[in-house]
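A.B. asks: Next come the chains, spelled out residue by residue.
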Amino acid sequence: MSLRVALRPLLAIDGLVALLLLTADGLPVEMFGYGVRAEKLAAEVAGVTAVTRRAFGELGMGQPSGQRIELEGHNVHIYPIADYYLALVTDRQNAHFSAPLIQESALEPLRLELRGES
Amino acid sequence: MKLKPLLQQVLEIRGVKSAALVDADGLVLEGVSAEGTDLSFVGGAIASSLASTKTLAGLLGEGRVTQTTIEYENGPVLMTPLEAEGKEYVAVLTLDGANSLGRVRFQLRKLLPELVQAVSH
Chain A
469 MSLRVALRPL LAIDGLVALL LLTADGLPVE MFGYGVRAEK LAAEVAGVTA VTRRAFGELG
529 MGQPSGQRIE LEGHNVHIYP IADYYLALVT DRQNAHFSAP LIQESALEPL RLELRGES
Chain B
-4 MKLKPLLQQV LEIRGVKSAA LVDADGLVLE GVSAEGTDLS FVGGAIASSL ASTKTLAGLL
56 GEGRVTQTTI EYENGPVLMT PLEAEGKEYV AVLTLDGANS LGRVRFQLRK LLPELVQAVS
116 H
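From first to last, the protein sequence lines stand for chains A and B. The working numbering numbers the first residue of the first sequence as 469 and each following residue consecutively. The working numbering numbers the first residue of the second sequence as -4 and each following residue consecutively.
For the record, the hints were derived by calculation from the structure and aren't laboratory data. Careful: at least some of the hints might be erroneous.
Straight line, CA to CA, 35 Å or less: simulated DSBU-like cross-link-like pairs of lysine-lysine [as the list claims (entries may be wrong)]: (1) B/Lys(-1) x A/Lys508; (2) B/Lys105 x B/Lys(-3); (3) B/Lys12 x B/Lys82; (4) B/Lys12 x B/Lys(-3); (5) B/Lys82 x A/Lys508.
Okay, chain A solo, but in the shape it has when bound:
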């Protein structure tokens, strides 16, 4: 299975504006959507995730499994998958808000692909 095929089911998410897969150090791997440059978005998402990893470790909260940043017009959802991050930008007005945004099972093809197990 190719990476683009593994990502394709996620494109059906309500209100999706952009989807970005990036390495843990902020390099874009794949991006769907428009309006934002992948390199810039990847760098900012990597900055957010670096803070998140550090932030609450000392509180004994364990590893982060997801993050949702709510803005006035968009939501940004970030999921760590293997050694990568998946960032989804959704339009708040056109999305039916629900948490979690996606079921774990929807990420499974991508997880397998990134581990080379597909």
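Place chain B on chain A using the hints.
C.D. replies: What follows is chain B alone, placed relative to chain A:
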């Protein structure tokens, strides 16, 4: 009402394990915890988190972060930015599980105006 009793009210919401109010420089103004957790050192992390999410918001052409939720193995952390008299603060809550998120967000929203009022004095 003063800040500490208000945070105690937040702590009484079912599912909340700790609550703190942090300013944009990372200073923890007040914190309360059901388990005696020391919250004094989270301020710097909160300030960094606020700064990084604001940069991301700017990239997406947005001016304001309304809420950030981070899900950890041992429960979510809810961060809600507040503004009082031109200064930025963040209400930080740790929760017992994702199932509490909806209820806590709903209850917290009702207390936010009072939190803003408390830090304004």
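A.B. asks: None of the hints should be skipped; say for each whether it holds.
C.D. replies: Outcome of the hint check:
1. B/Lys(-1) x A/Lys508: violated (40 Å)
2. B/Lys105 x B/Lys(-3): Satisfied, since the Cα-Cα distance of roughly 16 Å is no more than 35 Å.
3. B/Lys12 x B/Lys82: holds (26 Å)
4. B/Lys12 x B/Lys(-3): holds (20 Å)
5. B/Lys82 x A/Lys508: At roughly 28 Å apart (the allowed maximum being 35 Å), A/Lys508 and B/Lys82 satisfy the hint.
Hint check: a violation occurs at hint 1 only; the rest are consistent with the structure.
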